[in-house]
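There are 2 protein chains.
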Amino acid sequence: MKIGVIGTGSVGRTMAARLAELGHSVTVGTRDPAATTARTEPDGMGNPPFATWHAEHPDVTLATFEQAARHGEIVLNATGGSGSLPALTAAGADNLRGKVLIDISNPLDFSQGFPPSLWVKDTDSLGEQIQRALPEVRVVKSLNTMAATLMADPKQLAGGDHSVFVSGNDADAKATVTTLLESLGHTDVIDLGDITTARGSEMLLPIWVRLMSALGTPIFQFKIVR
Amino acid sequence: MKIGVIGTGSVGRTMAARLAELGHSVTVGTRDPAATTARTEPDGMGNPPFATWHAEHPDVTLATFEQAARHGEIVLNATGGSGSLPALTAAGADNLRGKVLIDISNPLDFSQGFPPSLWVKDTDSLGEQIQRALPEVRVVKSLNTMAATLMADPKQLAGGDHSVFVSGNDADAKATVTTLLESLGHTDVIDLGDITTARGSEMLLPIWVRLMSALGTPIFQFKIVR
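Protein sequences appear in the order of chains A and B. Number 173 in the numbering used here belongs to position 173 of the first sequence; there are no gaps in the numbering. Number 178 in the numbering used here belongs to position 178 of the second sequence; there are no gaps in the numbering.
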């Protein structure tokens, strides 16, 4: 399947590599591919320069936001939350129309340091903001409640015995995403309901960041035991 | 041990019954015991009248908020979130001074219907409000992330293989609460940190209420897989 990934940070890279490994045709989008390629310093999160990563993943194509959106039958929003609406606007509503957009972002505000707060919550969510900005895109909020490495390869922790959520207004889109998630190794995909239920999964982040501190690792997951 | 329970709703009753069953001396506090006893209609949540429940649990004493607080070596705040600060104020700072207060409440606002939103969140929490209002009480936020029946008897679901959180400023108080939780059957007690981490556990409620809808039952639990 052709997949577009919006964003070249750790989530975008980890998902792109895994999807390419599974045989998908993956194009990663960035604002300015030449500038992204030219960088020689680690990014703000300590990830190596994109070019270093790309040399190890030549099967992934680097392109503009627009080109990545146009390429994808499914598109992943793997930008940091504050960059999501600008990046998706740059990707273009025409290039995304009718497509499934898996929104992995979280509205984390680090302006006051760690732990971050959420700049939208409870009575709205970033998933809903994206759906409102792009009404003809079929937004499915998912994967935003775990570390990137577990999004892409959940079986590395407890054999995959933990949960992932989907929220969205389009049942077919959620079914498509569920199939993709299962192909990655997710075994318990829980449909929370329409896109307003993204408020629930985004509001998991405040305990997620505190659990990361308490446990000393980001490699943990929520399992809904029932 | 002598335990005071503030609140006669389903959380208060379920915890009181279980703690009495385990051999503790339990006094449940209400604003007006005579009025609570006189009620013959189910409460707003559909629970049977208190007198009906009390007839089946004669080992639990009904008293005022003040008397229950005075009785307890450990005190549980089992009131609904909006009633917590008034009830604890009525219980009296003098009666609670130096004691461990297990705060089970959540700041749920049902004024706009279901699902509720939170009336305090993210940059503050109800647990912190209670700690600020009662600075000489050792507040430990816990048990607020699950159905009452699972708080009291966690082993009824998956043999107890799921998680409960504690947040508080006093390490000894958290150790006391952890021992009590383990006596109830909780097997995975996670110390999130100081009382500000109650923001994390309280902000689990938005996904909890949506999971209850999606799963069709309140009998589920969060397990932190790691």
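Derived by calculation from the structure, the hints in this document are not laboratory data. Since this is a predicted model, take the numbers as computed values, not measurements. Hints should not be assumed to be uniformly reliable.
Repeated chains share a single entry, so a pair holds when one copy, or any two copies, can fit it.
[Stated by the list, open to error] Here are the simulated lysine to any residue pairs, SDA-like style, with alpha carbons at most 25 Å apart:
no., residue 1, residue 2
1, Lys223, Thr149
2, Lys223, Ser117
3, Lys223, Glu66
4, Lys99, Asp188
5, Lys223, Met45
6, Lys155, Val225
7, Lys99, Arg18
8, Lys223, Gly193
9, Lys99, Asp124
10, Lys223, Gly185
11, Lys2, Glu66
12, Lys155, Asp188
> Looking at the structure, which of the earlier hints fail to hold?
Replying inline: 3 and 5
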